[in-house]
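Given these sequences and hints, build the entire structure.
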Amino acid sequence: MLEIRDIAKTYPTAQGPLAVLRGVSLDLAGGTSLALTGESGSGKSTLLHLAAGLEKADSGHIAIDGAPVTGLDDAGRARLRRETVGIVFQQFNLIPSLDVGRNLAFQARLAGRADPDWQAVLAERLGLAPLLARYPEQLSGGQQQRVAIGRALAARPRLILADEPTGNLDEATGDAVLDLLLALVAESGAALLMVTHSARLAARLDARAHLHAGRIGAEPVA
Amino acid sequence: MNADMHMLIPPRLRRPRPPRVVMHMLIRTILLLLLPAAAGAQGFAGLGTEAEDYLPVTAPARLVFPRDHGPHPGFRIEWWYLTANLTGPDGEEYGAQWTLFRQPLSPGPERGGWDSPTVWMAHAAVTSAETHLFAETFARGGIGQAGVTAEPFRAFIDDWSMTGAGRPGADALADLAIHAAGDGFSYDLAARAAPPPVPQGADGFSVKSASGQASYYYSQPFYGVTGTLRLGPDTIPVTGTAWLDREWSSQPLASGQRGWDWFALSLASGARVMLFALRSEEAPAFLSGTWIAPDGAPTPLSPGEIRLTPLTETRVADRRLPTRWRIEVPRFGLDTTAEALNPAAWMGTLYSYWEGPIRLDGGATGRGYLEMTGYR
Amino acid sequence: MTAALAQALASYWRRHPLELATLLVGLMVATALWSGVQALNAEARRSYAEAAGLVSGGARIVAADGQRLPLSDYVALRRAGLRVSPVLEGEWRAGDVDLHLVGVEPMTLPRGAAPIGEEAAALPAFVLPPGRAFAAPATIARLAGRPGLPELVASGQVPEGTLLLDIGRAAGLLGLPDRVSYLLAPAGTGVPPAFADRLTVAEGPADDLARLTDSFHLNLTAFGFLSFLVGLIIVYAAIGLAFERRRPMLRTLRALGVPARGLALALLAEILALALLGGAAGMAGGYLMAAALLPDVAASLNGLYGAHVPGRLALDPAWWLAGLGIATFGALAAAGDSLWRAFHLGPLAAARPEAWLGALRRRLVWQAGAAVLLCALALALLLLGGSLLAGFALMGALLLGAALLLPGLLALVLAALGRRAKGPVAHWLFADGRQRLGGLSLALMALLLALGVNVGVGTMVSSFRATFLGWLDQRLGAEIYLSAPDGAAAEVIGAALATTPGVTAALPIGAARSRFAGAPLEIYAFTDDPLYREGWPLLAALDRPWDRVAAGDAVMVNEQMARRAGLAPGDALAIPTATGAWETRVAGVYSDYGNPEAQVLAPVAQVRARWPELELRRLAVRADPASVPALLADLRGREGVDVTDRAGLRASAERVFEKTFAVTLALNTLTLIVAGIALLTGLLTLAEQRLGQLAPLWALGLTRRRLAAIELGQAVALAGLTALAALPLGLAVAWVLTEVINPRAFGWRLPLLLFPLDWARLFLFALATGALAALWPALRLARAAPADLIRRFSDER
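Chains as they are written, first to last, in the numbering used here: chain A, 1 to 222; chain B, 1 to 376; chain C, 1 to 797.
In short, the hints are calculated from the structure, not lab data. Glycine included, C-beta positions come from ideal geometry on N, C-alpha and C. It is possible that some hints are incorrect.
Claimed, not checked - Output of the computed footprint for chain C on chain A, the stretches with three or more beta carbons under 8 Å from beta carbons of chain C: (1) 14-23; (2) 79-89.
To be verified - Derived CB-CB ranges, DEER-like: (3) Ala297(B) / Val201(C): 56 to 62 Å; (4) Ala172(A) / Trp366(C): 48 to 54 Å; (5) Gly127(A) / Pro248(C): 46 to 52 Å; (6) Gly580(C) / Leu55(B): 48 to 54 Å; (7) Ala144(C) / Arg230(B): 53 to 59 Å; (8) Gly217(A) / Leu276(C): 57 to 63 Å; (9) Gly167(A) / Arg783(C): 34 to 40 Å; (10) Ala273(C) / Tyr11(A): 38 to 44 Å.
What follows is the structure in structure tokens.
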């Protein structure tokens, strides 16, 4: 499903080039979930961004379902984000001027795959049904993240990429949101790559990989 | 009859014609063909009521020269019409036309200055077997831009002129200098005739229909010509013959008359023949003519003495026109064929018509001019 | 994808109607002022074209001496083979209605050269007495019941006040049976050598009027353009703000899979839609503005140039298209920067946003550099440029340079004041003021431009008024001026006046016409008298100038002519006349405000020797003031005599003057109002952010009321500082107007007078504008709920 081979990425900084990823390889089978852990600055978000086509790798190869991601131009990567992957951000990144219902449907409409029945199911499962006419600023953080998860799933992507999806939420809310995310991903048959710094949350996924100093390190102690 | 009176009527206006045709000269700024026929007819009908204010044409004509070489105010239409058959040094044949029309906008005497009711119109053309170039111009009366004086004879409009030399003891028209110029052509001709002018019809009273419409009409058909044609870049010395028509009237056409074919023939024998057929919608053509002996003695021809038969038609200016004719005047033993030197001699002027030189072949030889109007 | 994208972009405007309104208002005022001025210009130009082009096509042959030519010359040219057609024009009075007659000759008139109809049967009625004349419906209505007229036929193609008729009928009405005004000739026609001494081919179809009024229209256009720019400043600010505030959303859209090109195209489509909406509203506003100003414009043009412009507005589709085009162009220009940034916007936010201070500082340095360049350009234009266009370019460079310099200047002033400030709040106040310059500088620049132009134009107009009225008092030396129907009548009246007690002198005046340096020239024939010697204001002269003129050795020329032809006293001068050139010299130059034409002043005998047909129809009557009322009553009783006393003439001249500048002053005020709107919208759109910036201060213990007062005071102070900066700019503008633009546009120079009271008024206006613009945001602040402030406070973190 997701295939990452020898990915390297270096950022220029005021103090000189900073090598964030130094040859990372990773595989994720369809319908499975993988937690990507590591301390701050270990490059786990960067790896997720590269897989989502938000950034370009310096070298290496990424493919989703055999289709290469690396080497795509801006339009190609935009299409990838639109149609193949669903992204859940730590900051939710909802569109403030659209109400919940429209935010929920937004990516599916961008991808040309709007499916009202599926959206209704998602809204129901995410507990958003009574909130559809509200605007993001009128929602709590947990509610906003549930909208973001719904938005990512509404387009029925093959791959869900989640970047600290519960990072802005308190523990109880975060657990509830994660439960929903895992359940819905499992139902939709998509693969999930989730970045988290929490070993507790990582343990709930099928597998985990640990990034350390730009490389996939040894399986840390559970 | 020379210049086609009919040509002065816009073609579209002919169909819904009121009982009396009023000829009315129009100006070039007026786009006749755009005019709705009905509106035009009303306009002409309105003018028709004034017809009786113009002087009538009555017999006898009592022509007096040189007085009648000059204009006749009070009549509705009048012209000075010269056509010349010319030959270049290489035997190439040419035709030349110089025509001046006088037409008052209202009846009554001529007045001076801007108050003059007179309008002048002139046509000039040069024709060879290959080309036919023409021009027209217009002028207001009363201000000296155009006019005619009888003695010394002078007819002019703009820089075009026909001027008598005023030779003592000769007719005022006996010696003429003729000039005209248009786009791509000009000519200067000197014409001299020995016999006096020849009255047409009954001593100058020329009947145009069975119901009595008529005009005053005389000709000078005996000119010998020398001169120069300028045709494009070429300057060609020419010699030949010319024929001058003078005609004036107030009401020359009958109802139903659609157009005519007019011939002026200069036979090798020295005789001159004028023939015309006024074609009618309702009746057979009205034929008339004059046989002029080489000494100038005229013999009017009655309708039964003339036969004109179209032989070949040519497509010109979106019309079919007979450009080859059989001409028969059995009384004088004439049976010949006339053929246009240039079948495309179309005068695309404001009032358009066909006018060009012809060659006679067959029974009698000679040259002449043919005018055809009212073809659609 | 398109629908979802469109919905996301549109939803922003629905949630922020104030910003949408600002943007649309900016587009609207920019388009309205520009298109309104264009409509005025187009209307005026159309009436010139109608007047000049009623008879059109090809070249024109005119008499070299500017008079009508004899009919015999027309006939002679026709007889020489030239295909020319005569036209006779003249003024004629039907009862109490003044008419311009245009007589054409239908037989020779080139096809389509004049709208005399194409109906065949109409010719006799057109040509034969009494003839038939084509006229505007309004003219026909005015002429109802007047005797002696030809039959009148309504025509939409004939300007008001004009009759188009047969030349013979025109000749009869004008009493000119053997005269022709000019000849229409096919393009490329030359005058035959035999006529070259007295006939000449005119350059174009009587475009003298258009040329004369060009400078007037250039002035209007310059104002329209200035207003357009001020309006665009509003648009630029609104679009920039909207972009900044939507930046996170645009990034999210990119992250969700909208390609960069797709996003830029969507934003482009958005700005085009807004441009069309605002542009259409602006066109409606422009139409209303033009309709409101047109009577004044028409009055100015009539007073200044004798040009007749109907008081109605008829706009063609081209005007609408051009207006929408300029709105679109302006919106794109204003949005270009934002569009470019949107195209290069990545899906992920930059790691570290740049500090505002560094960005502001760099911008100020950049602007100051551009300002210095523009000032250098202005200086170069002043020293090297000679044309009117260069004059306006100089003005543009000066204004733009000053505007760009303003934010830097204000930043320096605020920094200096901040260093002297005592107390933390005062420190914050000045520092905050500097920070706010970033958002408000455009609006302040607009205010500076409007104020500067206002000071400049106001100074110019006031200087002109003072100079003009003083000059008028000098120039109108005689007590009574009268105009008789013809020279003979004037002679009879003059003879009678000579023996009337109380009358000191009755001085005949006449005028002949010629052409000089390709433009019309009036030869003013006067009778030597102290009236002229003492009262006529001379700008430059030889020794004993009036003696030289009276002796026929020299003439006086007006300032306009001297300036255009580069003539100075003592210079030789050749004036075309019917009998050849009149070789003379310049004795002196007199100021002749308000006259667009070149004029020469010469004694009656000298003029008559060259223009034998000269009629002395006017008289300047000098009389004992006590006997003036009785004289006036007596003279007014005479039929056909037009009598004006000095006071009446002065009043009418003053009226013309006021009308002339009514439009200028109206546009001036409108520009100022637009600048006020720019400041208001600038503050309004920033008010949201402002709440967040002020929330910490509230949290630190400042009351809402105090914060509101600070807010108001800051806006007033910024407006006041801008107004102070506008004063020197305004004086520079006034100097450019009086010393550069006016001499080049109108041909006369004015002394520059200062009117400090006007400045004080404008300063107060600026303060009021600042206060008014800040009032609503300040009120909102004062009434903001504490919870709202808390939320802003936390949101901003």
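Hint by hint, here is what the structure shows:
no. : hint                              : result
1   : 14-23                             : violated (count 0)
2   : 79-89                             : holds (count 7)
3   : Ala297(B) / Val201(C): 56 to 62 Å : holds (57 Å)
4   : Ala172(A) / Trp366(C): 48 to 54 Å : holds (53 Å)
5   : Gly127(A) / Pro248(C): 46 to 52 Å : violated (26 Å)
6   : Gly580(C) / Leu55(B): 48 to 54 Å  : holds (51 Å)
7   : Ala144(C) / Arg230(B): 53 to 59 Å : holds (57 Å)
8   : Gly217(A) / Leu276(C): 57 to 63 Å : holds (59 Å)
9   : Gly167(A) / Arg783(C): 34 to 40 Å : holds (38 Å)
10  : Ala273(C) / Tyr11(A): 38 to 44 Å  : holds (39 Å)
In summary, the structure is inconsistent with hints 1 and 5 from the numbered list given earlier, while agreeing with the others.
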